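Number of protein chains: 2
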Amino acid sequence: MAEQVRAIRTRRTILSAAAKIFEEHGYQAATISQILKEARTTKGALYFHFMSKEDLAQAVLAEQDHRIMVPPRISKVQEIVDAVMLHAHRLQTDPMVRAGVRLTMDQMAQGLDRSGPFLRWAEVGRQLLQEAQVRGELLPHAVPAETADVIVGSFAGIQSMSQAVCEYRDLPGRVSAMMRHVLPSAVAPSILASLDLSESRGARVYAEALEAAEAGEAAVTAG
Amino acid sequence: MAEQVRAIRTRRTILSAAAKIFEEHGYQAATISQILKEARTTKGALYFHFMSKEDLAQAVLAEQDHRIMVPPRISKVQEIVDAVMLHAHRLQTDPMVRAGVRLTMDQMAQGLDRSGPFLRWAEVGRQLLQEAQVRGELLPHAVPAETADVIVGSFAGIQSMSQAVCEYRDLPGRVSAMMRHVLPSAVAPSILASLDLSESRGARVYAEALEAAEAGEAAVTAG
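Heads up: the protein sequence lines correspond to chains V and R, in order. Just so you know, full-length UniProt numbering puts 128 at position 128 of the first sequence, and the rest follows in order with no gaps. Just so you know, full-length UniProt numbering puts 71 at position 71 of the second sequence, and the rest follows in order with no gaps.
One chain only, chain V, in its complex shape:
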């Protein structure tokens, strides 16, 4: 058990070091030696956990997906809004999420398949919007897969614009504006009127999700 804990910690240390090096040098220029030096670990430990530089990058990319879960909502449209707003909040506050998003957006990373995060987010969005459609939350002509693609693509660019312009300070406001523009084309007016699209939503969902996670852990410990 102690060994397992140590292995998980080592993996985490290597991953954080890789995220930092990728962010500083870009995927292309980053080297395994730089990552080893940053992580203060051995080649053996690194290759025990990761096969290659690409494998490390894919692990950093995957960190975006470990979404701290949004609690289920009565409105599935609100659930997708919350997932996006929570992601924006984590992008502002969590260096690992930031590193994953930057790698995803690194159009110069040759030999690294960056399609994963786009396709996985689009799939999560499509599923939530299809559930919303079944529940009658969408307009009759709405196409869940198309709307999901527009939201995922738009978010990617809006975070990039916010980073270039002011290091993410205005990100929640920009994401809220994007949602207010995109959703009325796909969502029924009665649902639209009940949505919370405010800038502070992401921080509140984050606090709520953390509380739920801690309550869950406490229940497991008590059990």
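There's no promise every hint is true.
The list makes no distinction among identical chains, and a pair is therefore deemed to hold if it is satisfied within one copy or across any two copies.
[Unchecked claim] Distance condition first, Cα-Cα at most 30 angstroms in a straight line; then the derived DSBU-like pairs of lysine-lysine: (1) K43 x K53; (2) K53 x K20; (3) K43 x K20.
Treat the hints as calculated values from the structure; they're not laboratory data. Here the structure is a predicted model, which means the values were calculated and not measured.
Since the structure of chain V is provided, determine the placement of chain R on it from the hints.
Chain R in isolation, oriented as in the chain V frame:
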């Protein structure tokens, strides 16, 4: 005159070389020596035209702005649609535009101010949408600056997603879907019904703009 032409050509050669090197290595890792080798020119010639690596990158970034002009439209909303669709078309077909967009999206390019293209495009969009507002093309609650920001940010991410997923093959369709989602929240229904948001719009605007430019040159020659 011959010297001027030669200078313009040399500048162009250096700029193309810089675009290629930035695209291959990323801004951070790229060096002036690599650009000199690619351009097959002298250090003296390079520094005659550009002060530094950042100066070169800013020139590549600025290439996106040399928009082959969209002819004025009766509807200013159609004009902004055409500018975006034309940009998408050029991104698919012009390596220099592609290099500029990739540099803009290079979140790892430390020390390079990448906010320029975002802010300039947002400003062009804001002006066109303000004209549209004066002409009564927008809904009463529409805020031109906010809608322009959403379009510019969304476009940036949608091109990135299209590049990651299929090297830009589906870009016109994705941009058309984005416009169909975003515009109904800001544009009056009567204008909306008259817009051409089809996938093939960008290629047609490009052909039209080229023809207009050639006719202009012919008129100058005849004069």
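Taking the earlier hints as the rules, which of them does this structure contradict?
Violated hints: none at all, because every hint is consistent with the structure.
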